[in-house]
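Here is how the chains run, residue by residue.
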Amino acid sequence: MSTDTLVKRSVAHGMFTVQRTYPGVTPRRVFDAFASIEAKNNWFTAPNEAWDVVEREMDFRPGGRERLVGRWKSGMITDFDATYFDIVAGERIIYAYEMRIDGRKISTSLATLEFKPAPGGGAAFTMTEQGAFLDGYDDNGSRERGTNEIVDKLSAALAKG
Amino acid sequence: MGLDATFQALADPSRRAMVERLSRGPATVSELAAPLAMSLPAVVQHLAVLQGGGLVTSEKVGRVRTCRLEPAALSLAEQWFNQRRAAWEERADRLGEYLKTFPDGEPK
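From first to last, the protein sequence lines stand for chains U and D. According to this note's numbering, the stretch in the first sequence is residues 1 to 161, in order. According to this note's numbering, the stretch in the second sequence is residues 1001 to 1108, in order.
Be a bit skeptical, because a hint or two may be false.
Under the rule of at most 27 Å between Cα atoms (straight-line distance), these lysine-lysine pairs were calculated in the DSS-like manner [to be verified]:
no., chain 1, residue 1, chain 2, residue 2
1, U, Lys73, U, Lys105
2, U, Lys105, U, Lys40
3, U, Lys40, U, Lys116
4, D, Lys1060, U, Lys73
5, D, Lys1100, U, Lys116
6, D, Lys1100, U, Lys40
7, U, Lys116, U, Lys73
Some but not every residue of chain D turned toward chain U, in silico, with C-beta under 10 Å [unchecked claim]:
no., residue
8, Pro1035
9, Leu1036
10, Ser1039
11, Lys1060
12, Arg1063
13, Trp1088
Derived DEER-like restraints, expressed as beta-carbon distance ranges [said to hold, decoys possible]:
no., chain 1, residue 1, chain 2, residue 2, range
14, U, Asn48, D, Gln1051, 26 to 32 Å
15, U, Arg61, D, Lys1060, 51 to 57 Å
16, D, Glu1031, U, Arg61, 42 to 48 Å
17, U, Ala39, D, Arg1063, 46 to 52 Å
18, D, Gln1083, U, Thr83, 19 to 25 Å
19, D, Arg1068, U, Glu91, 44 to 50 Å
20, D, Ala1037, U, Asn42, 18 to 24 Å
21, U, Asn42, D, Arg1063, 43 to 49 Å
22, U, Asn48, D, Gln1083, 16 to 22 Å
23, D, Glu1089, U, Ala96, 32 to 38 Å
24, D, Ala1087, U, Arg65, 19 to 25 Å
25, U, Phe60, D, Lys1060, 48 to 54 Å
It should be emphasised that the hints constitute simulated quantities derived from the structure, not laboratory data. Note that beta-carbon positions come from the ideal geometry of N, C-alpha and C, so glycine has one too.
Given these sequences and hints, build the entire structure.
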């Protein structure tokens, strides 16, 4: 429970999809890049010049947890805290995670990763995130002004993936 | 405001760092530049892209230019989802580079 006083409670939902085709590799090879901390550290974390990793752990099995805490150049600390729910070797990974910024919970999300053979060869990778963005960390009501149209456009753009 | 310009503005880690900084309050150009390993002119160029994307406004008082997030541009929720998406676009590209180290899908 947050100890902040006068936190305005709110939830905003969002969803996006990122897709890539990787030539010359099997779906299993792409899955394997997610399946161990050694492989994942090659590409998942931000470049070292952008931040310092403070904490890193990964227990890749249903019910297992993954954690990545980093301190950015700006001094901001981000905390990625995930729990795996579904792992089908070579095909699918589903995890839920929450993000904290400077100790404050910002979002709770569900991430679904799918690995399939691409029609023309190689591997097709799809990442879908469905998230609940919490309490806005925005006590500044001015942001509500004039955003409706943007929100509609953004939702449409995100829905297209 | 074009969404393409907004996505493009958020597709760069330095610019996201600047947006993250400004999400905590207005800052001068030199305050924005301080934690970044780049020249002041480079910072000013990045700021121009952020302004083009409708995310940041700036105001010069005397010799000091102060930048702030454009309140009407995007709520923090939208900024957040934009950042998550841009971060995943980057990750997917880094994953592609990593996968290239496995010729024919086999470990090197």
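Evaluated hints:
1. U:Lys73 <-> U:Lys105: Holds, at about 20 Å.
2. U:Lys105 <-> U:Lys40: It holds: about 24 Å lies between the C-alpha atoms, which stays within 27 Å.
3. U:Lys40 <-> U:Lys116: Holds - the C-alpha atoms of U:Lys116 and U:Lys40 are around 19 Å apart, at most 27 Å.
4. D:Lys1060 <-> U:Lys73: Holds, because 26 Å separates the two Cα atoms, which is no more than 27 Å.
5. D:Lys1100 <-> U:Lys116: Cα-Cα ~18 Å, so holds.
6. D:Lys1100 <-> U:Lys40: Answer holds: D:Lys1100 to U:Lys40 is near 14 Å, not above 27 Å.
7. U:Lys116 <-> U:Lys73: violated, 37 Å
8. Pro1035: Result: holds, 4 Å to nearest chain U Cβ.
9. Leu1036: Holds - the Cβ of D:Leu1036 comes within 10 Å of chain U, reaching about 7 Å at its closest.
10. Ser1039: Since the shortest Cβ distance to chain U is 15 Å, the answer is violated.
11. Lys1060: violated, 22 Å
12. Arg1063: violated, 24 Å
13. Trp1088: For D:Trp1088, the interface hint holds, since the closest Cβ of chain U sits about 4 Å away, which is under 10 Å.
14. U:Asn48 <-> D:Gln1051: 26 to 32 Å: holds, 29 Å
15. U:Arg61 <-> D:Lys1060: 51 to 57 Å: Given a distance of about 56 Å, which is inside 51 to 57 Å, the answer is holds.
16. D:Glu1031 <-> U:Arg61: 42 to 48 Å: holds, 45 Å
17. U:Ala39 <-> D:Arg1063: 46 to 52 Å: holds, 50 Å
18. D:Gln1083 <-> U:Thr83: 19 to 25 Å: For D:Gln1083 and U:Thr83 the Cβ distance comes to about 22 Å; the hint holds.
19. D:Arg1068 <-> U:Glu91: 44 to 50 Å: Holds, at about 46 Å.
20. D:Ala1037 <-> U:Asn42: 18 to 24 Å: holds, 23 Å
21. U:Asn42 <-> D:Arg1063: 43 to 49 Å: holds, 45 Å
22. U:Asn48 <-> D:Gln1083: 16 to 22 Å: Given a distance of about 19 Å, which is inside 16 to 22 Å, the answer is holds.
23. D:Glu1089 <-> U:Ala96: 32 to 38 Å: violated, 21 Å
24. D:Ala1087 <-> U:Arg65: 19 to 25 Å: Holds, at about 20 Å.
25. U:Phe60 <-> D:Lys1060: 48 to 54 Å: Given about 52 Å between the Cβ atoms, the range holds.
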